[in-house]
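Colleague: If you're matching them up, the sequences are chains B, E, U, F and R in order.
With the first sequence counted from 1, adding 241 to any position gets you my numbering.
With the second sequence counted from 1, adding 241 to any position gets you my numbering.
With the third sequence counted from 1, adding 241 to any position gets you my numbering.
With the fourth sequence counted from 1, adding 241 to any position gets you my numbering.
With the fifth sequence counted from 1, adding 241 to any position gets you my numbering.
The hints are simulated quantities; they were obtained by calculation from the structure and are not laboratory data.
Some hints could be false.
For identical chains, the list gives no copy identity; a pair is met inside one copy or between any two copies.
As the list claims (entries may be wrong) - Dumping the calculated SDA-like pairs for lysine to any residue here, alpha-carbon to alpha-carbon at most 25 angstroms:
id, residue 1, residue 2
1, Lys432, Leu362
2, Lys361, Pro496
3, Lys361, Arg279
4, Lys360, Val430
5, Lys361, Leu478
6, Lys361, Pro346
7, Lys360, Ala275
8, Lys432, Ala447
9, Lys361, Ala276
10, Lys360, Arg485
11, Lys361, Glu424
Only a predicted model underlies this, so the values are computations on that prediction, with no experimental measurement involved.
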Amino acid sequence: MIPDQLTSGQYQTVYNLFSLVIAAQLFTALYLVAAQPRVLARYRQALLVSATVCGIAAYHYFRIFNSFRDSFVTDATGGNGVYTQAPGESFNEGYRYVDWFLTVPLLLVELVVVLALAKKLQTSLLLRLVPASALMILLGYPGEISDSDATRNIFGLLSTIPFLYILFVLFVELTRSLDRQPETVRNTVSKMRILLFATWGVYPIAYLLPLLGFDGATAWVGKQAGYSIADILAKCLYGLLIYRIARLKSFADDP
Amino acid sequence: MIPDQLTSGQYQTVYNLFSLVIAAQLFTALYLVAAQPRVLARYRQALLVSATVCGIAAYHYFRIFNSFRDSFVTDATGGNGVYTQAPGESFNEGYRYVDWFLTVPLLLVELVVVLALAKKLQTSLLLRLVPASALMILLGYPGEISDSDATRNIFGLLSTIPFLYILFVLFVELTRSLDRQPETVRNTVSKMRILLFATWGVYPIAYLLPLLGFDGATAWVGKQAGYSIADILAKCLYGLLIYRIARLKSFADDP
Amino acid sequence: MIPDQLTSGQYQTVYNLFSLVIAAQLFTALYLVAAQPRVLARYRQALLVSATVCGIAAYHYFRIFNSFRDSFVTDATGGNGVYTQAPGESFNEGYRYVDWFLTVPLLLVELVVVLALAKKLQTSLLLRLVPASALMILLGYPGEISDSDATRNIFGLLSTIPFLYILFVLFVELTRSLDRQPETVRNTVSKMRILLFATWGVYPIAYLLPLLGFDGATAWVGKQAGYSIADILAKCLYGLLIYRIARLKSFADDP
Amino acid sequence: MIPDQLTSGQYQTVYNLFSLVIAAQLFTALYLVAAQPRVLARYRQALLVSATVCGIAAYHYFRIFNSFRDSFVTDATGGNGVYTQAPGESFNEGYRYVDWFLTVPLLLVELVVVLALAKKLQTSLLLRLVPASALMILLGYPGEISDSDATRNIFGLLSTIPFLYILFVLFVELTRSLDRQPETVRNTVSKMRILLFATWGVYPIAYLLPLLGFDGATAWVGKQAGYSIADILAKCLYGLLIYRIARLKSFADDP
Amino acid sequence: MIPDQLTSGQYQTVYNLFSLVIAAQLFTALYLVAAQPRVLARYRQALLVSATVCGIAAYHYFRIFNSFRDSFVTDATGGNGVYTQAPGESFNEGYRYVDWFLTVPLLLVELVVVLALAKKLQTSLLLRLVPASALMILLGYPGEISDSDATRNIFGLLSTIPFLYILFVLFVELTRSLDRQPETVRNTVSKMRILLFATWGVYPIAYLLPLLGFDGATAWVGKQAGYSIADILAKCLYGLLIYRIARLKSFADDP
Ligand SMILES: CC1=C(/C=C/C(C)=C/C=C/C(C)=C/C=O)C(C)(C)CCC1
Ligand SMILES: CC1=C(/C=C/C(C)=C/C=C/C(C)=C/C=O)C(C)(C)CCC1
Ligand SMILES: CC1=C(/C=C/C(C)=C/C=C/C(C)=C/C=O)C(C)(C)CCC1
Ligand SMILES: CC1=C(/C=C/C(C)=C/C=C/C(C)=C/C=O)C(C)(C)CCC1
Ligand SMILES: CC1=C(/C=C/C(C)=C/C=C/C(C)=C/C=O)C(C)(C)CCC1
Ligand code: NA
Ligand code: NA
Ligand code: NA
Ligand code: NA
Ligand code: NA
Ligand code: NA
Ligand code: NA
Ligand code: NA
Ligand code: NA
Ligand code: NA
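Kindly generate the complete structure, drawing on both the sequences and the hints.
Modeller: Below you can see the structure in the form of structure tokens.
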């Protein structure tokens with residue numbers, strides 16, 4: 242699936258995007274850590290988990306960036322030429338799946354914590370959602386690295402089953418939870434629901450791009466862009482929204 | 242637009258400037274973080290955002306520095322010769338635009354927070370300024386990396402429209418805000434306004450240099466110097482001014 | 242014992258696993274440090290030691306990752322080929338043993354601290370367990386790096402003696418300690434006991450793989466996977482469990 | 242001015258000195274940050290500025306070290322031979338001047354803050370001293386990198402004018418300030434005055450070495466040693482003295 | 242004195258030892274910083290100095306490790322061959338002496354602080370011990386890097402004079418100090434005395450190894466091992482003991 246060559250423009254686009262994601266994740270993580278004293282102690286757990294998610298993503302994008310830089314090369318002066326796959330260096334799609342394997346469960350924990358559900362419901366939700374998300378990611382990986390469209394299709398489909406299950410459970414629970422929220426935060430929680438559904442939906446679409454008739458390099462660049470932007474929304478923006486909810490709730494609890 | 246060769250003196254100038262900007266941004270960021278306990282809690286948000294802006298810039302200048310060092314090379318002993326573009330390595334102007342894309346909105350947030358405007362006005366200002374700044378940067382990029390003067394002109398012009406809009410809105414609001422400020426900080430806020438207009442104005446001028454009849458390498462070095470110095474003023478000096486305002490306001494509120 | 246060649250798939254598996262362990266250990270360490278204020282002062286020592294253990298492991302896996310990356314190479318485009326041992330670069334199994342030499346005693350200290358045993362019993366336990374663990378690791382190393390199956394067998398066997406002694410002492414003490422625990426934490430301590438026995442048992446099994454009739458590369462990849470996963474469970478999961486116990490005890494002491 | 246070759250001993254001397262300065266500056270910076278809570282809030286500003294100065298110097302010496310290591314090379318086994326300038330790599334004297342450009346103004350700020358002069362006098366002093374120091378450094382640089390002794394002489398002379406002006410102003414003010422100091426710190430402030438004059442005097446002497454009849458390599462090594470040792474005294478030792486004054490004043494104010 | 246070649250086993254031993262020392266020093270430093278809030282304010286100075294000592298050592302061992310890795314090379318597959326000195330790369334023994342030059346005075350300061358001697362005695366002790374230790378190290382260095390046994394002997398002997406003087410002064414003072422200590426810490430201070438004498442004694446013995454009839458490589462590996470282990474004991478273990486004394490004294494002062 243990794244294209245044999247990229248134009249200079251395609252190379253620059255992916256390169257700059259990856260660098261942007263590093264900066265976004267790293268500084269969101271640092272910001273959320275530094276903002277800890279600005280919310281009540283009871284909401285710091287959620288902020289800390291958000292910061293951890295962004296920190297883990299910064300680490301992986303740093304590796305993804307280096308992997309990309311080393312695995313596509315050109316001989317053209319000033320880099321103004323066609324980039325081809327380097328000898329002995331592989332662009333490692335695996336970093337993303339390792340990242341998701343660690344961060345998706347944490348995002349779910351965060352969500353459940355922020356909704357302030359009853360302890361029992363929290364546990365029961367996580368016991369359903371975390372294994373489903375692990376399954377979704379493990380099933381996606383063989384399709385991602387396969388060179389055959391059929392394999393990609395099959396594993397994509399299999400991975401979609403736990404994906405839909407997660408969305409269904411979340412939709413039901415987020416809707417129910419809205420009533421329990423104080424007036425002031427209801428609006429933000431509702432926005433968060435939209436954000437969550439909108440961004441999580443980007444991942445399978447990006448995954449599908451190579452199957453949608455785009456030619457190799459274009460589809461691949463689109464996929465990288467899709468995953469990168471979705472990761473900024475699902476981690477950084479999501480983390481900042483959680484910070485906002487925590488601020489609002491802190492004011493509501495102790496004005 | 243990237244020159245085919247630089248003299249040893251031009252290479253050293255750009256090299257030392259980039260290294261200076263790294264040090265300035267990095268240590269301003271660290272200083273602002275460490276200075277947090279010296280202002281009242283209500284002003285820490287502004288300091289933290291300033292620190293984040295400088296931190297993001299330090300990251301990007303670190304990359305810009307490495308990109309420059311790797312993309313211009315010489316064979317002369319002790320580096321005392323003409324530097325030419327290296328094979329396979331490109332000087333990436335994109336880092337600046339990624340940096341601005343993240344930091345300009347943050348600078349606007351900072352400004353609006355420090356002026357302590359009414360919540361409603363804050364939101365309405367940001368909803369106008371942030372999209373305008375994103376547009377300004379996105380429109381500037383294609384001109385920046387283009388090899389044709391015509392393209393550079395057109396995109397420069399297009400980018401100037403949101404730029405002038407931002408300046409206009411800011412001018413009106415900063416003027417209005419001056420009356421609302423306590424006596425002691427009015428002076429500093431007024432200085433900040435001058436700083437903001439003076440430094441933001443440097444960017445389009447630096448952009449124009451290649452069009453002003455300077456030869457390739459000279460114009461390019463001038464542009465790098467212009468952007469670098471403007472970035473120090475618009476981020477570090479601006480951040481330190483905000484720190485000063487926050488200190489003065491802290492004394493005024495709780496003497 | 243180090244295989245002469247790995248398939249591309251085997252190389253990727255080990256590569257991604259090592260990177261996963263770095264991320265897991267590093268961010269668990271950072272999380273445990275940042276979570277310090279969330280438990281009572283008297284339980285911070287245990288958290289700090291846990292964080293140190295994960296930090297030391299992150300350092301060693303960083304080295305292990307680099308050692309692996311540099312010591313297996315291919316010339317195939319995009320890295321899609323057979324990987325062979327590089328000239329002049331050795332995969333250093335020693336890092337693991339250095340890591341265990343530092344972290345196993347710390348894990349024992351942690352355990353003893355968390356169980357809140359009487360001071361005297363603590364000292365007597367550590368005086369028995371720490372030397373035994375040092376012996377276990379020192380005896381394992383010559384077998385690990387030997388190319389002869391006989392040497393591997395003999396040192397493995399010798400190392401198992403202190404291993405069984407440690408398990409025996411721990412089993413007796415953990416069982417006794419359960420009664421002393423407040424109601425609310427008894428459950429978690431009991432889980433910790435199962436975790437400890439289950440994960441520590443993985444190490445000798447991984448060590449044995451090459452002797453169980455698997456061919457060279459398969460056994461070696463299995464061994465690396467075994468050690469890596471066991472290290473995540475015995476350090477990260479264990480540290481997070483200790484955090485949980487500390488939280489529960491903090492609530493119990495000062496509700 | 243950069244010598245064509247260095248003996249192995251000269252290379253080692255400069256190499257170890259630069260590494261020593263990195264360690265000294267870095268750990269003084271970290272120490273001063275960590276020591277913050279040990280002085281009263283009103284003296285923390287001075288400590289923080291000291292820490293920033295040492296941090297900036299650590300950054301620049303790290304670059305100077307790498308620049309030196311890369312720009313002088315040998316082929317001799319074990320490095321036991323004559324070192325010559327590498328092709329394409331230049332030893333960058335500019336780092337020092339960038340460093341001084343940032344740190345000398347900060348050192349002056351520090352001094353003025355610690356002397357606890359009246360606000361008005363502080364401002365008036367800084368408005369005279371900071372521009373003079375900038376001038377001193379900017380005038381020194383062209384002489385430093387020039388290959389001609391005449392240029393070196395002229396710029397050295399020009400740079401000495403603001404230098405003497407600074408010393409004169411400081412001498413007058415430090416003397417006056419001594420009376421205003423509490424009994425207990427008078428002694429330390431007086432020591433600081435001697436330190437300041439003694440160390441600042443080293444810089445122009447080191448600059449002059451190449452003109453004092455020493456042969457190229459010897460003079461150059463002497464200059465590097467002179468600058469390095471002066472930087473340790475003027476930044477680290479000076480910062481630690483300021484810490485001491487702050488401690489003594491803290492006790493005096495709040496025994 | 243640096244051997245022309247090392248066996249694979251000797252190379253691995255030194256390599257793993259250096260990596261162990263990095264981990265030990267780095268994490269002891271971090272631990273001591275994080276443990277600061279666990280002792281009374283009056284004992285934090287000693288902890289901070291201990292942490293600084295270990296931090297400085299971590300820095301130098303990081304450099305020593307890299308210097309060793311780069312200066313001994315082999316062409317054998319998987320690194321399974323004889324290692325010889327690389328062209329152009331020198332193993333730098335100087336790092337140790339730079340390290341001692343900074344850390345030995347700090348260790349003496351620490352000791353004097355922890356013993357809580359009268360201010361006057363503290364000053365008088367340091368005025369005798371610090372110069373003696375500087376002399377000891379400066380005299381040792383020329384012997385260490387010399388290729389001649391005679392030079393090694395002479396400078397070793399000269400260096401031993403201040404060494405014995407230090408031991409003598411310390412022995413007298415530590416003995417006297419024991420009476421002044423509270424009951425509970427007397428035991429630990431007494432242990433510290435034994436530790437100090439035992440570990441400081443290792444350095445001259447390691448220095449002597451090449452003169453004791455061992456062949457080049459063996460003696461050199463023994464020397465590195467001796468210095469490395471002594472550095473762990475004299476810095477990490479010593480720092481942790483000081484932490485323990487500080488904890489005990491904190492309890493004694495404020496139970
Ligand atoms: C359905 C589906 C997928 C879904 C991936 C998702 C939903 C990833 C979410 C990641 C997040 C939220 C990361 C943020 O930290 C795959 C694996 C691409 C494979 C194709 C089918
Ligand atoms: C008008 C104009 C430009 C304006 C750029 C500006 C105004 C950038 C400001 C950056 C700041 C303030 C960064 C600080 O963090 C471009 C894009 C060069 C393109 C040409 C026209
Ligand atoms: C019995 C045995 C072994 C046991 C190793 C163990 C039990 C390691 C535990 C490591 C831990 C708990 C690390 C976590 O930080 C060896 C040395 C593989 C050698 C073969 C026999
Ligand atoms: C007079 C003179 C000089 C003075 C330099 C000085 C005085 C530098 C001080 C630096 C300090 C104090 C740094 C500490 O952070 C130069 C430029 C070498 C050029 C020759 C003439
Ligand atoms: C007597 C003697 C020596 C003594 C060295 C010592 C005593 C070093 C102590 C270092 C410490 C304590 C470091 C911990 O931070 C040398 C220089 C090897 C040279 C030979 C004679
Ligand atoms: Na590339
Ligand atoms: Na590949
Ligand atoms: Na270059
Ligand atoms: Na280019
Ligand atoms: Na490799
Ligand atoms: Na090997
Ligand atoms: Na060199
Ligand atoms: Na040069
Ligand atoms: Na090597
Ligand atoms: Na040598």
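Colleague: Against each hint, give a clear statement of whether it holds in the structure.
Modeller: Cross-check of the supplied hints:
{"no.": "1", "hint": "Lys432 <-> Leu362", "result": "both (22 angstroms within a copy, 22 angstroms between copies)"}
{"no.": "2", "hint": "Lys361 <-> Pro496", "result": "between (29 angstroms within a copy, 20 angstroms between copies)"}
{"no.": "3", "hint": "Lys361 <-> Arg279", "result": "between (29 angstroms within a copy, 22 angstroms between copies)"}
{"no.": "4", "hint": "Lys360 <-> Val430", "result": "both (19 angstroms within a copy, 20 angstroms between copies)"}
{"no.": "5", "hint": "Lys361 <-> Leu478", "result": "between (28 angstroms within a copy, 22 angstroms between copies)"}
{"no.": "6", "hint": "Lys361 <-> Pro346", "result": "within (18 angstroms within a copy, 37 angstroms between copies)"}
{"no.": "7", "hint": "Lys360 <-> Ala275", "result": "between (28 angstroms within a copy, 23 angstroms between copies)"}
{"no.": "8", "hint": "Lys432 <-> Ala447", "result": "within (23 angstroms within a copy, 41 angstroms between copies)"}
{"no.": "9", "hint": "Lys361 <-> Ala276", "result": "between (29 angstroms within a copy, 23 angstroms between copies)"}
{"no.": "10", "hint": "Lys360 <-> Arg485", "result": "both (23 angstroms within a copy, 15 angstroms between copies)"}
{"no.": "11", "hint": "Lys361 <-> Glu424", "result": "both (24 angstroms within a copy, 19 angstroms between copies)"}
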